[in-house]
Amino acid sequence: MKTSHDYISHDGGKSLRPICEWNELGYLNVVFDKGSWAEPCYATTHGYGQSLHERKMFLSPGIKAMECLRPFTALASSGRGDIREGRVLLQALDPAKPGRLFRSDHYGFRWEWIVPGGDVPSGGYIALCGEYVQGKLWWLLATDGLYRSDDGGKTLKKVMDEKGLNQ
Amino acid sequence: MEDGADIMFMDVCWPWWPESTYFANWNFGTNPTGIGGYGGFTGGIQSLGPDHRPNYGPEIQAAWRPGSVWSFWGGNKEGEPVRVVASSEYAYPRQYIGEGASGSLGGSCWPFIKQGQWYTMLMRVWEPVDVTNPQYSYIGRWVKDVSTGQWHLYGIMRLPVPASSFRGNAGFLEDCGNAGRSVRSMYRRLGYYRKAGQWRSSNVVSYNENKKGQLDNYWVVQVKPEGDHEILAMELSANPKLLPQKLFGTPLEFGRKHEFRAKQPEQPTLDKPKVASVTAESNGRQVLVSWEIPADSSPQFLYRVEVFGNAACQGEPVVVRQERMPTVRMVLLDAVVANPTVRFSLTDVFDQTIAPMVVTAKASANPWTATADTVAPGLSYELLHQDKVRHENFFFPPCAKLEQSKREEHHWLSLNELGTGRAVQQGISRGFDTSLAGTRRAGYAFRFKGFLRVPATGLYVLRMQGADGYRITIDGHEALTWDGPHGPAERSAAVHVAEGHHALEVEYFVDKPDVPFFRLEWEGPGLPRQEIPSSALLHKDTGQIPVAALTTSGGNDGTASLKVVVDPRGHTTNKTRLFLGKMQIAESNGPSLTYDGPMLDGVNNLWTRIVYDTKCTVDSEPTTLAVHGPEVKNGWALTVAGEAKAVRGVWQTAPDAFSFMGEGEYVITRRVAGDFTLTCRIDSFAGSRGEPVNGSSWAGLTAREHGDRNNRAWGEEFGVFQMAHHGLRTTPDFSDLGDGRCNDYELPKGHPWVRMVRRRQVWTAWSSADGKNWQLGATHLKPMAASMDAGVIFRALPQDAQAYFHAKVSSVTLEAGVAKDVVIPVPVAATHTDGSRLTGVVMARSDAKVVVVRSSERGLFRSTDDGKTWLAANGNLSGAANVVRSIAIHPKDSQIMFRAAGRAADSAAWDGGLWKTTSLAPTRRCRSWDAANLPCRQR
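Read top to bottom, the protein sequences are chains A and B. Taking my numbering, I'd label the letters of the first sequence as residues 1 to 167. Taking my numbering, I'd label the letters of the second sequence as residues 1 to 939.
These are computed hints drawn from the structure, not numbers from a lab. Among the clues, some could well be false.
Output of the computed footprint for chain A on chain B, the stretches with three or more beta carbons under 8 Å from beta carbons of chain A [claimed, not checked]:
no.	segment
1	774-786
2	848-855
Short derived list, chain A residues pointing at chain B, Cβ under 10 Å [what the hints assert, rightly or not]:
no.	residue
3	46
4	56
5	57
6	113
7	130
8	141
9	160
Here the structure is a predicted model, which is why all the values come from computation and not from measurement. Ideal Cβ placement from N, Cα and C applies to all residues, glycine included.
Produce the complete structure using the sequences and hints provided.
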């Protein structure tokens with residue numbers, strides 16, 4: 001099995017070097033929102049992970065409902081107004097309960113499920129992103145299309161289908 | 001500053017109080033190496049507006065007062081840490097704090113430190129005088145209010161190493177929690193240090209600016225003239241738009257070191273030592289000498305007292321006492337001299353001396369006579385609670401606009417208010433046992449009453465370190481009082497008392513939970529300075545209080561059998577408690593109690609506390625029991641990983657089983673190379689039924705790179721352990737700046753079996769209810785040494801503990817390789833991901849209206865109007881370059897993007913790469929992309 005790497009650049013993208021290498025692990029997404037570039041958070045094939053001092057990395061199985069959070073299909077962070085701590089969002093592939101979001105308001109240490117209203121995706125999420133300052137506007141890409149939320153994930157509105165066609 | 005200075009000082013000024021800041025002007029190490037620390041002042045005022053500008057409101061700035069920090073790291077090879085010796089009235093000792101510090105002295109409010117004023121910060125390190133080959137030393141820290149000329153002692157630390165100088169000093173302005181979003185400032189001037197007896201300038205400050213993009217701290221630094229010297233003024237922010245505020249100029253260039261020199265006189269202007277008065281008295285066998293230092297004197301360093309039998313101080317003195325201790329103002333010497341004369345000398349912290357002062361000792365007044373009351377061991381006490389709090393400005397000036405001022409609250413501010421308290425408990429205590437307050441942290445008070453057993457007629461000095469207020473009364477005379485909330489700065493008083501029993505009353509209250517502190521010491525004829533022992537503290541015996549009989553047996557196998565039987569003497573016994581030293585080890589709800597369990601190695605001091613008639617207690621005299629047990633052997637090595645002097649009983653109860661009781665940290669390990677599986681069962685642990693042990697004590701498994709080292713020199717570590725009050729945990733998976741040394745989440749409850757597995761650099765922690773079916777608890781990638789010391793860990797902090805932590809583990813196995821039943825769950829495969837589809841979405845951090853969607857075949861779609869319209873953003877790219885796997889947008893320029901794209905070609909070779917936009921303007925349609933052939937450095 002090949003070693004799986006993630007890379008970091010400290011010079012504006014001129015060069016990259018590997019910071020984590022872990023066999024059997026697939027990196028699906030990464031965010032830097034823990035106040036330090038040395039502590040990225042990862043969505044991985046084996047769950048939510050966070051790195052520390054570059055070469056260390058930890059998977060967090062202590063989260064409730066962890067079995068359905070493997071893999072983490074999407075991970076994103078957004079702001080919380082004046083609060084500097086990042087908000088990390090995610091949803092795991094959970095065919096039995098599509099559309100749910102798993103949300104942490106504190107660096108990924110504590111999590112809660114939220115069930116959005118409005119247009120609820122029928123599939124799993126692939127990617128998420130959130131507005132960085134106030135954190136109200138989110139974009140959510142699910143297997144059945146692109147969704148938008150203007151209230152921090154409480155309600156969703158479908159914008160495109162999975163082929164990229166406007167709704 | 002050069003390596004090798006023993007004194008260093010500088011003036012600092014805060015032009016305004018910003019938000020959430022640690023102004024650390026001290027960051028030092030000592031020679032020899034091994035001890036380091038930092039210190040400064042802390043806190044802040046909430047900033048204003050969306051850009052977090054400082055709140056310059058004059059009333060707020062004038063009313064706010066900072067807190068402070070002084071923390072030390074390291075210890076000696078026996079694990080002995082740095083200890084607090086003396087404190088200011090505004091700082092409180094904290095022996096165990098965060099970030100691994102070994103000793104700390106901090107305060108929450110320094111009332112005399114104000115915005116816009118200059119303060120001289122001074123530190124000196126020294127070894128004791130008149131001690132051959134000392135293995136310890138001291139560091140003192142002082143603060144001078146330049147506007148008043150008054151010096152204040154901050155504190156004195158005892159270092160467990162013979163440190164003689166500093167290695168250097170640095171400083172930092174740390175934003176505590178807001179990532180430098182606001183702007184903060186500090187001014188510095190007149191920096192000096194002394195090396196080899198010569199004063200030298202410390203007037204050059206270097207700023208090491210990182211490369212941009214790592215830690216973007218923007219400094220504006222300006223050198224400003226002031227009289228015969230210059231001021232180095234600095235402002236700092238992570239937001240360059242906030243700079244400068246009060247200065248001029250542009251931020252320092254990133255990626256290089258900047259040096260600034262502030263002109264100043266070659267030699268410092270030093271305050272002079274002064275002594276306001278020296279007095280002496282003698283009873284013919286002892287001489288008591290006391291002196292006063294005026295507030296504008298330079299700080300005392302060494303005092304020397306010589307006692308002569310002649311008024312001219314000729315010949316050799318009868319007795320001499322000298323000491324490098326800045327806090328002492330009163331000494332008592334045994335000296336059989338008629339009409340003694342005292343010659344007093346003093347050296348200040350800069351080694352300047354006063355002209356010796358000569359005084360004739362006056363005759364002591366007659367000693368107070370003893371009483372003839374019938375007494376019994378222990379002091380009578382009353383515990384009071386004050387549940388109400390009231391707003392009153394004691395530390396902060398009144399200011400309706402300052403939150404800290406508005407929120408300042410107190411339970412009580414004076415001993416005269418104790419009458420408003422609610423009596424919740426009373427009885428007979430073993431001396432000044434303030435632990436009778438239990439878990440209450442604030443708003444309580446004690447009234448101790450009884451007798452002081454004086455062993456011999458003579459002069460006695462009482463030395464009190466107490467926080468908060470206290471009043472000590474002997475034979476009806478108010479001997480020593482310090483009312484109001486304050487830190488445990490030492491105060492002394494002397495009494496002349498006859499041998500026998502003397503009426504004693506001590507009132508003491510704790511207002512707020514900064515850190516309560518109570519230590520009352522005495523010294524007398526032939527009696528060196530020491531805490532007043534419980535054997536010298538008595539109460540009037542009425543013959544009507546319950547008594548307990550304690551019988552002991554065992555002690556040869558690390559355990560003992562103890563039995564307590566209470567004679568209630570007409571009272572109702574509610575609880576019987578058994579104590580070992582200061583810690584409770586057992587409790588019953590009736591008049592008898594039995595204990596069969598672990599004990600400490602060596603002599604165990606056992607005593608009982610009876611709770612009777614609901615809110616009365618009585619403590620017994622101690623009984624001793626010597627205990628020994630089976631030592632750790634059979635290839636296992638026991639290492640004291642904490643302080644060597646901590647009390648403990650660590651025993652090997654079977655070839656694969658161990659037990660522990662006590663304080664400190666201990667590992668029992670074997671060396672193992674490569675992959676391994678380490679397993680044990682935690683049979684029992686204190687805290688599982690709510691016992692009042694320190695909740696962060698634990699027992700379990702550890703693997704360390706250097707298991708034979710203490711003081712955190714053991715290198716990298718992985719562990720899984722049962723905590724006393726916080727469940728089953730592993731070592732941290734975050735940066736752990738608070739030094740909790742454990743993870744934030746619990747592993748499953750009800751799992752006594754724990755296991756760790758090493759597979760190359762991947763460490764997994766497991767737990768099980770039955771030792772057969774294992775559940776994965778944590779997965780860490782941690783590069784560590786090929787060979788590790790792996791085994792059992794017991795760790796117990798004293799801190800708030802009221803009972804000793806104890807635990808038993810069994811079935812300990814350490815096997816090479818990965819156990820067959822260790823199976824990491826496999827991920828669930830995603831579905832509905834095939835075909836041409838959207839694969840990702842990214843927003844621009846700098847502009848929320850810019851959104852980019854990636855696809856599996858059609859490249860990127862980009863919206864610049866909040867998603868209303870979308871355009872392809874692929875330029876001339878086609879084919880595999882539009883199978884986009886990842887997209888990144890520059891955080892500050894939404895026109896700069898990276899795309900990672902590609903697919904497996906028909907030949908199975910990879911077809912793809914990394915592209916970067918080269919030009920978007922003016923159409924913003926991403927028409928131009930360049931392949932970014934980034935070199936990837938392997939480490």
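Next item on the list: Provide an ascending list of the numbers of those earlier hints which the structure does not satisfy.
Entry: 6
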